[in-house]
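Novice: With these hints in hand, go ahead and build the complete structure from the sequences.
Number of protein chains: 4
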Amino acid sequence: MSSSIGKNYTVDVFGESHSAAIGVVIGGVPAGTEIDRGRINAFLERRRPSAGVHSTARRETDEIEILSGVLDGRATGAPLAAIIRNADTRSSDYGLLKSVMRPSHSDYAASVKYGGYNDYRGGGQFSGRLTAPLCIAGSIALDLLQKRGIEVTAYLAAIGSVHAPSYKEYGAKVADILTETKREELRLSALPFLDASYTKAAEDEIKAARSAGDSVGGIIECVVTGLPVGVGEPLYDSLEGVLSKVLFSIPAVKGVEFGSGFNIAEMRGSVANDRMYFESGAVKTRTNHNGGITGGISNGMPVTFRVAVKPVPSIAIEQDTVDIAAKKDTKLAIGGRHDACIAPRAVPVIEAAAACVLYDLM
Amino acid sequence: MSSSIGKNYTVDVFGESHSAAIGVVIGGVPAGTEIDRGRINAFLERRRPSAGVHSTARRETDEIEILSGVLDGRATGAPLAAIIRNADTRSSDYGLLKSVMRPSHSDYAASVKYGGYNDYRGGGQFSGRLTAPLCIAGSIALDLLQKRGIEVTAYLAAIGSVHAPSYKEYGAKVADILTETKREELRLSALPFLDASYTKAAEDEIKAARSAGDSVGGIIECVVTGLPVGVGEPLYDSLEGVLSKVLFSIPAVKGVEFGSGFNIAEMRGSVANDRMYFESGAVKTRTNHNGGITGGISNGMPVTFRVAVKPVPSIAIEQDTVDIAAKKDTKLAIGGRHDACIAPRAVPVIEAAAACVLYDLM
Amino acid sequence: MSSSIGKNYTVDVFGESHSAAIGVVIGGVPAGTEIDRGRINAFLERRRPSAGVHSTARRETDEIEILSGVLDGRATGAPLAAIIRNADTRSSDYGLLKSVMRPSHSDYAASVKYGGYNDYRGGGQFSGRLTAPLCIAGSIALDLLQKRGIEVTAYLAAIGSVHAPSYKEYGAKVADILTETKREELRLSALPFLDASYTKAAEDEIKAARSAGDSVGGIIECVVTGLPVGVGEPLYDSLEGVLSKVLFSIPAVKGVEFGSGFNIAEMRGSVANDRMYFESGAVKTRTNHNGGITGGISNGMPVTFRVAVKPVPSIAIEQDTVDIAAKKDTKLAIGGRHDACIAPRAVPVIEAAAACVLYDLM
Amino acid sequence: MSSSIGKNYTVDVFGESHSAAIGVVIGGVPAGTEIDRGRINAFLERRRPSAGVHSTARRETDEIEILSGVLDGRATGAPLAAIIRNADTRSSDYGLLKSVMRPSHSDYAASVKYGGYNDYRGGGQFSGRLTAPLCIAGSIALDLLQKRGIEVTAYLAAIGSVHAPSYKEYGAKVADILTETKREELRLSALPFLDASYTKAAEDEIKAARSAGDSVGGIIECVVTGLPVGVGEPLYDSLEGVLSKVLFSIPAVKGVEFGSGFNIAEMRGSVANDRMYFESGAVKTRTNHNGGITGGISNGMPVTFRVAVKPVPSIAIEQDTVDIAAKKDTKLAIGGRHDACIAPRAVPVIEAAAACVLYDLM
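For the protein sequence lines, the chains are A, B, C and D, in the order given. In this text, residue positions in the first sequence follow the numbering used here: the first is 1, and each later residue adds one. In this text, residue positions in the second sequence follow the numbering used here: the first is 1001, and each later residue adds one. In this text, residue positions in the third sequence follow the numbering used here: the first is 2001, and each later residue adds one. In this text, residue positions in the fourth sequence follow the numbering used here: the first is 3001, and each later residue adds one.
These are calculated hints, taken from the structure and not from any lab test. None of these values were measured; they are calculated from a predicted model.
Some chain C residues judged to face chain A by a derived CB distance under 8 Å, without partners named: (1) Val2025; (2) Gly2027; (3) Ala2031; (4) Gly2032.
Glycine is no exception: its CB is placed at the ideal position from the N, C-alpha and C atoms.
Specialist: Quick look at the structure:
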């Protein structure tokens, strides 16, 4: 099922930006698991536009309704279905866009694939809005992981040209930085950097792009601590493989690297190899260029990865594009409500995606 | 099945570096397809060590035996099973390695996961040797794609510090460079760069590493031309997602990016957006920052991606590591036969992996 | 995903008898397919209790709400999600049943499996009510099949001791009997037998059981005409295998046979073998003991199968059972609203299940 | 993958009757499991033709070669691949059969499906011979189940018109009959009936059919004891559904029923309902009409099912059939080596199939 993730903890997402509702069917929630709508809502709150930073004016109240799978606040073992109604959808904003393609959006590819029957309003099923149901599943998975001592923490590493220190600098010790206090601080921040001093510059970068009717990309990092050794299934359900498959399915993601990623290609083996040692009976490595994964399975070090997020393609600046009905070139300046930078809102989505995959593999 | 790829063109790989044989079971080869063992062998020849460049002395004759699924040179429609016997396996080289872990190899993670029962000789199922059966499946898929006008071409973009021009420089016009002559030249080269003038420097880089008992990484690029619009299935079988899942399961791959990948994170939308236009009735884009994929599905432009390959972890230089039987720190200098750089031999593997995925999705 | 059917036409069902809603997420509906809520409702109407025959007093209005995947009456290509609200659920009827197990129901097995957290009200996800979402998916599949000239027709072959003539008697000519007029007659009948003269006796059988506070089982037959040769995938996605998997997942089904089924075990090969001949260029068989399937794939003859439906386990007669909270034996007489025979209402469900499977395989 | 079974214990079968080899790739064998080739061979011995009973003259030595996944007699955790070479294949026997279809065989359906490229020799992949690799996987699964106290026992319930007492007669007490002594007796018998006094009549039935150049069918029963409560995954991976899917993929199986199966359709609920009671703290039922499965999941009682096996379609008696090359009717008398009754040899195959499914679900 191409709309779903997982084998044991299964997540099947549905909906379109302007359909009656979006939602998710989750299988594999252990019977008896406490399902706290408040916690799920708090998690979803993190992916909502934040007044100070984001420009999108669409109010996504994202009121969750649980349709099945929960009785008296606990999972019944049956599929947990939940929906979010699509209110406040100004479809009229999109009238024109049935034939005029938004550059770097799914519009053209989707129109060809679905013979023009795709729901073009707001990008249909390709909308970033479909990450909200994923966050419902992710929120539950994060709780289940946390009970096993596993923490999944994503944060910003770059916004446009503003690059903050990465786990690559912190090396194998990044887990020491990610104290519970730091994680809470990151969760509450509209622009969560490991080093909060980068927030101001990032905010300026976003504001500058917005003022110019433009947008800007960013890089998100994610660190998973507490994962036991041995998660991931060779050959083709490798931990990197399964994670990347879901990560690349999040709108705007164009690159994924684990550990030192593309930098490792320039290293010699004597540098890239993570030297091993015993510490209090546990096997550890001095460096963590492999990002906690060797042979496609977790090795006990923090799992670290980075995700490149492209600038939002919806910009106010006029662009060259095509009108596929008229079969001719045209121009387009996109009005309506759009974020100038999606990366901050994608941070919890990365956590949710990673949590769904990790819980599924365990 | 974690050892398999695909839904319609299914590839199930088995074997270990020192087991009796390695092999593959391929489902979904259309009945009647010509299966030419010579062509498959020629393809596998490309991933064999080449005297000038590679150091591994293990002679992999890789004689393919087809066990089923072919009658009178044509696919019968039943699963096509093929094996390669593991001859010339000097298991004695590996005696020590049951308890002394090779840093940055799968050894430790696998030993924990499988309770010490994993075949530790030569990395067992984690060995790069398991890419040979994948290449059998890939060779057949490449032929099937070629009949539909689709070409998959991988080549080297970097070896260690030697960076050759990338498709990122060539932009949307990379397809024009990849003429049939150029592709044939790349296929025949032991160090295939788009610009052959980088071969010498790359060779020197590898030789220098080898002389130092060390190894070096590299970057491989891949360009797919002729792919129709609409390949990839939202939400979670996105073209990027499904490709990356398999790519990350190839040993030593630590990063995957599509189009401009991590660079796009620094761009503004007005730059990153690929401006659209009509050319002879077809919709094209001026740039190709999205690597031919928008909304997770192909958009008609060349599909372009890059893969970071880490340096071979087996090096002659002595390294810190652990002895898990003795539960103490130790040192290890790895003898035996090893490549100083695996990236050149991974080039056809990338093509094979991409071909299996693409044919499966079509 | 254990709550779903299919690879290409995927059907993921959720909900519980007394949850807020039940529903379905359908993938693989071709973009542009007309989705007519009226037709779906008409189909669902067939599985509703019918005053003359059924005793269940629960009014299932089964108002369908389509949440996504349809725009302007046509499928968009995105997952089609639809729900039915659970109104009129008298949960108080079920208070006792958390610890007193209903014999031959899922209660005990489910309670152990889910640690007592399962939704015990009305059987939770095991309720026959969950066949309603399957019927939504089936209704769409039936339409898609019909456009290709494929008809799926189920009817009653037996109610309790009343056995009507079977396709086994009609042999290879059953398709000639199933004219469009006959099919429409069957669709409109509360007790659809091929030979309508059996209706009265069947009705009496049901009434007698009900008067006694008891229930009775039945046999349903299904005939598929127009299916092309070659549907079914060896070895393990055989047409019989894939159909039976879904059929056995319909509550109360305890037996499935194709063609002559269990009778064929008594035959000699010379009788059981369906003699082949050409008729107007098409290959046909004189008999159809194989039920249109040989080697697990369709052979062009009508696909015929029979399904045994057990008597509804909810009966008013007092039964021996256990109280798992008190850990002691007890007695139970089940009040509330229950059918005395579920077989008639299962007829459209069998059609729906078969249609989903067949369309998926094509 | 249509050639495979299972999600956790995966079984991927390949080969054709006259290909170089047949084989299996098994995933999910726990690392460290003892793999005893002698035990596997002993199991396969049970499905070999037995001189007294069977007529097939083809000597299937079925020498197993393990290609991967085993080191020093224990599973490594990597896929376990094993093959059996096809020796003694008299392909010349089959020359004619490329265009003359054997009635009730897969020949015609396969020829259409695969455009005539299918391996028609000996039925190709549709041959009963492909059950040998399934038996390899089944033998390992049976051992793994036995370690958990689960026994899977199949035996003959009928050969042609000879019907022996069924578990239906023995009711919930069938487990008491199946002592280890009885099971061993069944394993060693060429015609294993619960009541050995039926062996003679069955043998006569088979001999009579053979003398007439004909064949005869049979019924196999299977009883699973020791299965814990809760095996099976609603809604669509029900225990009945998943078992039946594999059972129907065994050549010649045309019917599957659980517990009282088709007989239950005639019962009233007050009879069919299995009355529950406590015995030494365990919940049991007085009868077992549901065959140990309620709501699609195991309920702690013995799992019982029956399988109808059709007579071998290859008979010496001349039959009407078609020549698809000449496009005309013709006659066919099948020479060569064929069993007059396949049911006895299918007994261990049923055990193997059930074991693979049950171990996978646990």
